[in-house]
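Asks: So the protein lines, in turn, are chains L and V. Numbered according to our numbering, the first sequence spans residues 13 to 198. Numbered according to our numbering, the second sequence spans residues 1058 to 1487.
Worth double-checking, as some hints may not be accurate.
[As the list claims (entries may be wrong)] What follows is a list of derived Cβ distance ranges for each label pair:
| id | chain 1 | residue 1 | chain 2 | residue 2 | range |
| --- | --- | --- | --- | --- | --- |
| 1 | V | Ile1383 | L | Gln141 | 47 to 53 Å |
| 2 | L | Pro104 | V | Ile1092 | 31 to 37 Å |
| 3 | L | Ala110 | V | His1148 | 58 to 64 Å |
| 4 | V | Pro1433 | L | Arg109 | 27 to 33 Å |
| 5 | L | Pro106 | V | Asn1113 | 42 to 48 Å |
| 6 | V | Asn1367 | L | Arg109 | 44 to 50 Å |
| 7 | L | Leu136 | V | Asn1113 | 17 to 23 Å |
| 8 | L | Lys63 | V | Leu1062 | 53 to 59 Å |
| 9 | V | Asn1113 | L | Ala105 | 39 to 45 Å |
| 10 | V | Gln1136 | L | Ile65 | 34 to 40 Å |
[As the list claims (entries may be wrong)] Which stretches of chain V does chain L cover? Using the computed rule of at least three CB atoms under 8 Å from a CB of chain L, they are:
| id | segment |
| --- | --- |
| 11 | 1063-1074 |
| 12 | 1116-1127 |
| 13 | 1290-1301 |
| 14 | 1304-1316 |
Calculated directly from the structure, the hints in this document are not laboratory data. We put the beta carbon where it would ideally sit given N, CA and C, even for glycine.
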Amino acid sequence: MSNHSGGGDASGSAFAARWTHRVLTALVSIVMFSMMILTTADVAGRALFSKPIKGSFEIVTFMLAILIFCALPLISWDEKHIKVNLFDHWVPAPILRALNVLWAIVMTVVMAGITWRMWIQGNLMAAGQHVTGFLEWPIAPIVYVMFVLSGLTTIIFAVLVWQKLFQRSTPPAEAQQISAENPGVD
Amino acid sequence: MEISLIALAVLLLLAFLGLPLGFAMILVGVVGFAIVRNPEGALAMSTQQIVDLSMNFEFTVLPLFILMGAFVHRANLSQELYDAANSWFGHRRGGLAMATVVACGGFATISGSSLATAATMTKVAMPPMRRYGYDDRLATGTIAAGGTLGILIPPSVPMVIYGILTETDIGKLFIAGIVPGILMILLYNSSINAVTWFRPEWGPRAPRIPLRARWPYLARVWGVLALFVLVIGGIYAGIFTPTEAASIGAFGGMMFVLWRRQLSWRTLTDSLVEAGRTTGVIFTVGFGALIFSNFINIAGLPRDLVQMINAAQLSPIGVILLICLIYIVLGCLLDSLAMILLTVPVFFPIVVSLGLDPVWFGIVVIIVVEIGLITPPIGLNVFVVQSMVDNVTLGQIFQGISPFFFASVVGLLLIIYFPIIALWLPNLMR
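So here's chain V without its partners, still in its complex pose (with noise of 0.2 Å):
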C-alpha cells in the first residue's frame, strides 16, 4: 500500500512538473515493479506490454475511428447539421442555442472526440447567435457544453481508451452512450430554457420556419444519419465488430469528403497523418498506463482500497459518488485522457469487486470526464471555443457554462442512482 501511494505521489509530481506522462507513467511503473519484484521481472513485464499493446488486432479500432473523425472532421457537415435544427428549434425563446446542443448532438454521431465538436461548431453557431443578439455568456458556454456531447454519443475514443483499459466490450459502451447522450441532450435544452426565462433578452427567438419548409433542412443531413445507422447500428444489430465498424466508418468518412468534392491530396495525406500522429500518442501513454498499472496491481494497491471500504462499510454507491467527487477535483487540473489513463487502474478494480457493471462504469467515468471539459482551470473545450471566438474572455465563457455543469451533474447522478440508462439498450443487445 504504501509503496503504491508514495509512486502515485511521484507520479503526479513527475507529471506535474512537465515530465510527458506516458514516459512519467513508464517510469515510475518500471521501478515501483522492480521494488516489489526484482529488476529482470519488471523489464520483462514491461517489454511484453509494449509489444502486446502494439500488435492487438481489438485495438485497431483506434487509428480507426481517429481516422473516421479526421475525414468527417474536413468534409465541412456543420453547417447542415445546425441549419436542419435551426430550422426546428430557432424560434423558440433560447432556440438558437438549443439548435447548437442538438446539432453538437449530431455531429457527434460521426466525431468521437469533444475538442472538435466544440472547435466545429463554434464555426457554424457563433455568428448566428451573435447576429439575433445572443448574450454571449450563453452563446459560448452553449458550444463549449454542447461540444462534451462528442465523447458520450457514440463513436467516443475515450470511450475506446476506457475499454481497451479495462477489457470492455467496446460495441457495449459505445451502444450505453446513446440514451445518456439523448438525455444530456435534454437537460442542456432545460437549463438554456431556465436562463433564458430569467434572461429573455439572452437568447431572443429567430423567426418561425413554416412546418413545410423544415424538411428538406433535415433531409440534408441524411449522410450524416445513414453513417451514423451504418457504423453504430452495425454494432447494435451484431453486423460488425467495433474494428470493422471503425474500418467502415473511415472510409465511409473518405466518401462523404470525396462526395462533397473537398478530397483533395493534401486533405487525404493531413487526414492520415493526424490519425497516425494521434495514435502515436494515445499509445505512448497507453503503454505507460499498463505498465503503470500491472506495478499497482502487484503493488496490492486495489485489493487494499477494497478492504479499506470494506471495513468503512460503505455503500457501492456511496465508494461511485466518492470517486465522482475526486474526478470532479482531478478534472480541474487534468485533461481527459490523463484522467482516464490514471484513475481507471485504480478504481476499476474497486468497481469490479464491488459488482457494479463495467459499461455502466464507463459511462459515468465518460460524463465526469465530460465534466473535467469545462470545469475551470483546465477546461479544453472552453479554451477551444475562446481561441476561435473574439472579443470572449474565459471567465465570461465560464460564467455561461454554470447552468450546464449543474445539469450535467443531474445527469450524472441520474445515471448513477439509474443505471438502466445506461444500461437498457446495450442489454438487448447479442
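Next comes chain L alone, as it looks inside the complex (with noise of 0.2 Å):
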C-alpha cells in the first residue's frame, strides 16, 4: 500500500512504515466494522425484541473517534487530503517544489499543534474525572489515543518534509488523480 517505503531509506526504517501502515489499515476496518455490526444489531436488538444493546451509542461514538485518527495518519502518508490543485500546471515546476516543502512543514506544526492540545486536553479530563453519560466510562483514554495517532501523523508529516526535501523521488502521480476508485466524497 505504501507508495514512499522505496527509495533511499534504511531497511529498517521502511519496515516500520510498511507494518504501521498495514496495523493501521486493519484497525480501520475492524473498527468500521464494529460500528456497523454495533449499531444493526441494537436497532435490529430493540425493533425485534425491544431489547437495544445497552450504551450502544456511547461505544460507537468512541469508535468514531477512534476511526478518525487511525485514518489520519494513512491519509497524511498517501497525501490524500482534499486540495485543490487547480493551478499546479501553470505554477512552474521548482516553485511547486519548494511550495510542496512549505506545506509539509505547516501541516507538520499544525499536527504538532493539535497533538499538543490532545495531550493538555487528554490531562483535563482525567483530572476532571470526566466519563460519559450513561455507561460512566471515562473518556480521557480516547482522548489519550487521539493524541497518540496526532503524534504518528505529526511524525509522517516531518518524514514527508524529509523526503520531499532531501530525495529525488517525485511523489506518486497516483496520488493526484482524481480516480473512480475512492468516489465516496462527492
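Using the hints, put the two chains back together into the complex; each one sits in its own frame.
Replies: Set out below in C-alpha cells:
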C-alpha cells in the first residue's frame, strides 16, 4: 500500500513504515466493521426484541473518534488530503516543489499543535474525571488515543518534509489523480 | 468585517496554492481567532471543536452511509437498473439516454455519491449507446449530468455534511431531496428530447420491447427498491434515526454483495478501508470548517453581511439568487466538498436571519453543487466519464453537457421560487 517505502530508506525504517501502514489499515477496517455491526445489532435488538444494546451509542461514539484518528496517519502518508490543485499545471516546477515542502512544514506544525492540545485535553479530562453519560466510561483514554495517533501523524508529516527536501523521488502521480476508484466524497 | 475578509482572502490564497483545505482552514481559523480574542482562547476553542466533532454520536451517520455506498458500488447492480430503464424507454428517440438518466436516478437511491454514480453508469450505459450510434457528446453528457443525481436523491454524503455544519435534521434533508430529484430526471429527459428533436441522428431508437417482457426486467431490481424503501422509508416513517438507517443500509449493502456472491475477503476489507479513509478525509476538513466558522462568527462576518443586506434592502429571493450566482462561479473553481465547507458557514447565518427554511436552502446548495460538478474547468463528473471512455475529449463532453446545464438552472429556479417542491414531503413527516 505504501507509496513511499521505496527510495533510499534504511530497510529498518521502511519495514516500520510498512507495518505501521498495515496495522492502521487493519484497525480502520475492524473499527468500521464493528461500528456497522454494533449499530445494526442495536436497531435489530430494539425493533425485534425490544432489547437495545445498552449504551451502544456511547461505544459507537468512541469508535468514531478512533476511526477518524486511525485514518489520519494513513491519508497523511498517502497524501490524500483534499486540496485544490487547479493551478498546479501553471506553476513552474521548482516553485511547486518549494511550495510542497512549505505546505508539508505547515502541516507538521499544525499537527504538532493538535497533538500538544490533545495531551492537554486528555490531562484535563483525566483530572476532571470526565465520564460518558450512560456507561460512565472515562473519556480521557480516548483523548489519549487521539493524542498518540496525532503524534504519529506529526511524525509522518515530518518524514514527508524530509523526503521532499532530500529525496529525488517525485511523489506518486497516482496520489494526485482523480480516479473513479475512491469516489466516496462527492 | 475587515479581518474576516482578509482571512477569507488568505484562506483562498493558501488553498489555491495547494495547502490541503482542512489544514488551511484550521490555520487561518486559529490565527484569526487569536487575533480577535486571544491565543489561549483560540487553542481551547479549536481543541474543543476537534474533540466534540470526533465524539459526536450524530456524526457516525457519515461513515455508515459511505460504507453503504462502498458496498453497493461493488455489488454491480447498475446493469440490472440500466436494463430495466431501457426496456421502458429504449424505443423512444434518445431513449437510451433517457434510460441512462432514469438508471442514474435509481442508482442514486442507494448511493450517496455523484462520482460513484457517474463512474458506475459509464460502464453499463456507454457501450450500448455507442452500439446504437448515439453521438458521443449526447451519450457522455447524459452520464455526467445523470451522475449528479447521486447527491440529490437520498442518501447523499454532501447533505450529511451540510446537516452536520448547520445542525439541520439530516432525515428531513434526505426526504426533501426526493421530489427535486424526480423533477431533475424529468428536466434532464426533456432536454434529451429537445436535443434529439433538433438532431434525431444523435439518439436513434432502439427496438421496442413488448410490454409483457418489460416486467421481468423491473422485477430484477427489487433489491435496490427494497433497500431504498427500508433505509429512506424508515427515516420518513420515523422508524429509524438517520444513523440507524445508515447502519441498516451499510449492513444491507453488505448482504447485497454477499447475496450476489461477490463478497470476498478482499471486497469486504476494501469497502471497510475505503469508508474509513474517506471518513478521515472528510472529518479533517470538517475540523477546519468548524474552527474557521467559529472564527468568522466571533469576527462578526455573518452579522455584518446581514446588516449590509438590510441596508441594501435586498429581498430574500434576491439574496438567494445572489448566493446562487456566487456558488455557480465558485463551482467552476472548487470541488463540491470544498465549496460546501467554505461557503455554508458564511451563507447559512444570512439565510437563517432572513427567515428562510434551512432544509430548503440545503437542497438549493446541493443543486448548485451539482451544477458545479458539470461546469468547466473543474467538473469532476466530466473528468470521471472522460477517464473511462475512449476517444472522447473534455471539450466534447462539456458540449454535450450544455443542455443539461440549462435544465439544472431551470430546476434550481423552480425550487427557489417554489420551495414547496422541496418542502412538501418533509413537512408531511412527523
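Asks: Look at each hint and say if it fits the structure.
Replies: Now for the hints, and whether the structure bears them out:
1. Restraint check, Ile1383 of chain V to Gln141 of chain L: a C-beta distance of roughly 48 Å satisfies the suggested window 47 to 53 Å.
2. Range check, Pro104 of chain L to Ile1092 of chain V: Cβ separation about 33 Å, and the 31 to 37 Å hint holds.
3. The given range of 58 to 64 Å is respected by Ala110 of chain L and His1148 of chain V, whose C-beta atoms sit roughly 60 Å from each other.
4. Hint check: Pro1433 of chain V to Arg109 of chain L, Cβ distance near 28 Å, so the stated range 27 to 33 Å holds.
5. Between Pro106 of chain L and Asn1113 of chain V the beta carbons are some 44 Å apart, a value that agrees with the proposed interval 42 to 48 Å.
6. One distance hint, 44 to 50 Å for the beta-carbon pair Asn1367 of chain V and Arg109 of chain L, holds here, with the actual separation near 49 Å.
7. Look at Leu136 of chain L against Asn1113 of chain V: about 19 Å separates their beta carbons, and that is inside 17 to 23 Å.
8. Between Lys63 of chain L and Leu1062 of chain V the Cβ separation comes to about 55 Å, which falls inside the hinted range of 53 to 59 Å.
9. For Asn1113 of chain V paired with Ala105 of chain L, a C-beta distance near 43 Å keeps the hint of 39 to 45 Å intact.
10. At roughly 38 Å, the beta-carbon separation of Gln1136 of chain V and Ile65 of chain L lies within the given 34 to 40 Å, and the hint holds.
11. For the segment 1063-1074 of chain V, the proposed coverage by chain L is satisfied: 3 residues have a C-beta within less than 8 Å of a C-beta in that chain, meeting the threshold of three.
12. Only residues whose C-beta sits within less than 8 Å of a C-beta in chain L count toward coverage, and the segment 1116-1127 of chain V has 8 of them, enough to reach three; the restraint holds.
13. As drawn, the segment 1290-1301 of chain V meets chain L at 4 residues by the rule of a beta-carbon pair under 8 Å; at three or more, the given contact holds.
14. For the segment 1304-1316 of chain V, the assignment as covered by chain L holds, since 5 residues bring a beta-carbon within under 8 Å of that chain's beta-carbons and 3 suffice.
Going down the numbered hints, you'll see the structure goes against none, and every one checks out.
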